[in-house]
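Chains as they are written, first to last, in the working numbering: chain S, 8 to 271; chain L, 220 to 591.
Calculated from the structure, these hints are not laboratory results.
Mixed in with the good hints there might be a few duds.
Said to hold, decoys possible - With a straight-line cut-off of 30 Å between C-alpha atoms, the simulated DSS-like cross-links for lysine-lysine are:
1) Lys-239/S - Lys-542/L
2) Lys-192/S - Lys-239/S
3) Lys-372/L - Lys-85/S
4) Lys-542/L - Lys-103/S
5) Lys-372/L - Lys-221/L
As the list claims (entries may be wrong) - Here are some of the chain S residues that sit facing chain L, going by a computed Cβ distance under 10 Å:
6) Thr-88
7) Ser-123
8) Val-127
9) Met-131
10) Val-169
11) Met-173
Computed from a prediction, not measured in an experiment: that's the story for all the values here.
Heads up, the beta-carbon is just placed ideally off N, CA and C, and yes, glycines get one too.
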Amino acid sequence: MDRLPVAGIDVGSLSAEAVIMRGDEVLGYSILPTGADSRGAAEKALAVALENAHMTAGDLAFIVATGYGRISVPFANKRVTEITCHAKGAHFLFPKTRTVIDIGGQDSKVIQIDESGRVVDFAMNDKCAAGTGRFLEVMARALEVDLEAMGDLSKKSRKHLVISSMCTVFAESEVVSLIARGEAKEDIISALHESVAERVSSLAQRVGVLHQVTMTGGVAKNEGVVRSLGQKLGMPMNIPPEPQIVGALGAAIISRELADGAGR
Amino acid sequence: MKLTFAHMGHLYIPIGALFRHLGLEVVLPPPSSKRTLSLGCQNSPEFACLPLKVNVGNYIEAIERGADTIVMAGGIGPCRFGFYGEVEREILQGLGYEFTMFIIDPPQGKIGPLLKQLGSLVGPVKPRDVIYALRLCWEKVTGIDRLNRLAVKVRPREVTRGETTRTMTDILAEVDRAETIDATRAAVNRGLSRLAGIPQRQDGPPPPRVGLVGEIYVVLEPFVNLEVETRLGELGCEVERSIYLSDWIRRHVIGDIFRILRPDPLLSLARPYLGHFVGGHGLDTVAHTVEYARRGFDGVIQVMPFTCMPEIVAESILPRVSKELGIPVMTLVFDEHSSDVGVITRLEAFTDLIMQRRVRLGEIGECAVTSV
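Generate coordinates for the entire structure from the input sequences, incorporating the hints supplied.
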């Protein structure tokens with residue numbers, strides 16, 4: 008069957024992503040900062056993804072929006088929660104996934120799924136930036152390092168430090184006092200990764216961690232957090248090549264299902 | 220004397236009618252709003268739970284409208300609510316407001332002091348009038364509960380989203396205006412037929428059933444629970460509340476006055492998980508979750524104010540109930556920082572989860588995900 012291309016758009020708190028799919032093939036995608044205009048970010052993300060796929064909006068049979076900004080995507084046919092989308096996306100990439108850990112810009116969630124990619128249980132962090140990308144972003148600023156460089160830097164850590172505050176604001180004060188004490192940046196960064204991993208693994212224990220674990224969201228690009236979290240969970244994790252687009256990918260897969268359903 | 224009391228769901232309708240028919244002038248606080256919450260938070264201890272903060276906001280706004288007498292329920296713990304009346308009195312006095320406060324404590328088998336207290340509040344009234352006022356109040360309580368029980372069945376099936384909620388607002392205003400028992404009955408009956416007349420979809424599988432359990436104030440007050448009952452209904456779920464005012468009055472007020480506290484059949488359901496009273500509605504939360512699982516519900520949502528001790532006890536027990544009886548349970552905790560965005564995401568994801576569970580159990584065919 009000749010399938011029509013569909014799109015998934017994930018408008019998160021920090022970044023907006025779009026994925027264009029036809030059948031099982033990803034034709035194009037984009038990752039852009041959301042900024043203050045989520046509708047504009049959604050439009051732009053879709054435009055860039057379409058450009059990469061050499062298509063125009065008119066070619067698309069169906070669009071599903073997800074993420075916190077999903078309500079501000081008026082041109083989407085459907086809006087679906089990011090929990091359902093991350094489950095679909097992770098299942099598509101790693102069909103043996105039973106646990107999805109998504110650490111995004113300002114929330115983190117743990118989703119347990121079954122062999123068909125259906126959500127069985129989930130837990131989300133409550134109204135607090137602890138254990139999220141934002142936590143690392145604030146700390147990167149305090150340490151004057153690039154967010155992207157943190158993973159690499161932490162590999163050079165030689166000394167074990169502990170950041171005991173979960174709270175982003177209090178942890179930042181701790182970081183400042185560690186800097187004042189003359190501790191090495193690498194060691195502080197490593198301790199911060201431990202802190203995020205600690206927080207997320209306790210969230211994961213609430214749901215239960217089943218093999219295989221797939222990690223999604225921007226923080227999955229940080230090797231330090233991935234290493235710490237893998238150690239705490241006692242198992243390796245699948246890391247997608249582009250962990251940030253998994254939500255948008257899931258939305259595109261739901262688009263495909265809905266487009267098929269509509270065409271029946 | 221201008222009398223007021225705090226809001227809790229639709230309580231203002233029957234209680235307002237009761238006091239008015241006892242010859243008292245009632246000044247209601249305006250419906251709870253962001254301003255109420257803000258006034259309450261500014262003037263309450265930060266670590267008190269949300270009910271206290273909203274109460275304080277309600278009282279300040281009622282006093283601004285001219286109220287000079289506050290009626291508040293007391294309690295005997297271990298839930299902190301029992302002491303909130305006293306704390307609220309102190310807070311308002313500290314702010315310089317002039318008012319009289321009546322804190323009505325549960326009679327615990329001794330009805331004398333209660334009657335004396337009510338006597339000093341109400342003044343001389345004919346027993347006939349008291350009986351009529353109580354009957355009118357009860358008529359409104361049971362009428363509103365009947366309407367709500369029908370509304371939650373109609374809402375997930377409505378063809379035009381939002382119609383049930385709009386119709387209910389209308390009906391409740393009419394029930395509120397009814398000044399006699401006969402007029403109340405007529406308004407309730409008219410309301411029931413209006414709800415039944417709302418166009419509903421007939422095809423498709425029956426909507427999933429979700430039980431709403433938790434702390435009474437958060438369960439009953441839509442402003443505080445961010446309209447969790449309406450939202451779930453509009454996502455296509457049939458919601459059953461564990462607490463309806465009429466059931467609660469039957470069990471606690473009437474039961475307590477006449478000391479007919481028999482072993483409660485519902486609470487024996489909780490025994491394998493929780494064997495004793497933990498204050499507030501903690502034990503009820505566990506018991507109702509077991510009950511909903513046995514009745515084949517698709518999921519349970521627990522709601523509570525942040526720092527609510529009885530519900531925290533229940534929350535720690537619910538994962539075991541959920542696992543052993545195979546029913547998905549989600550907990551939502553509310554405080555002044557709760558945002559509807561976060562609640563909507565969780566409710567949609569939970570609805571997806573229970574729909575996909577029904578597919579897995581073979582109850583329904585493959586279905587689309589929840590979307591808005």
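Status of the hints after comparison with the structure:
1. Of the pairs offered as hints, the one joining Lys-239/S and Lys-542/L holds, with about 24 Å between alpha carbons and a cut-off of 30 Å not exceeded.
2. For a cut-off of 30 Å, the pair hint linking Lys-192/S to Lys-239/S stands: about 23 Å separates their Cα positions.
3. Of the pairs offered as hints, the one joining Lys-372/L and Lys-85/S holds, with about 25 Å between alpha carbons and a cut-off of 30 Å not exceeded.
4. As the CA atoms of Lys-542/L and Lys-103/S are separated by approximately 23 Å, the hinted pair is consistent with the 30 Å bound.
5. Among the hinted pairs, Lys-372/L with Lys-221/L is inconsistent with the structure: their alpha-carbon atoms are about 39 Å apart, more than 30 Å.
6. The beta carbon of Thr-88/S comes within 4 Å of a beta carbon in chain L, closer than 10 Å, and the hint placing it at the interface holds.
7. A cut of 10 Å between beta carbons decides the hint on Ser-123/S: the least distance to chain L is about 8 Å, and the hint holds.
8. Annotation: interface hint on Val-127/S holds; nearest CB of chain L at approximately 7 Å, less than 10 Å.
9. Against a cut-off of 10 Å between C-beta atoms, the interface hint on Met-131/S holds, since the closest Cβ of chain L lies about 7 Å away.
10. The interface hint given for Val-169/S is broken, as the beta carbon of that residue sits about 27 Å from the closest beta carbon of chain L, more than 10 Å.
11. The criterion of a C-beta within 10 Å of any C-beta in chain L is not met by Met-173/S, whose closest approach is roughly 16 Å, and the hint is violated.
Violated hints, listed in ascending order, are 5, 10 and 11; each of the other numbered hints is respected by the structure.
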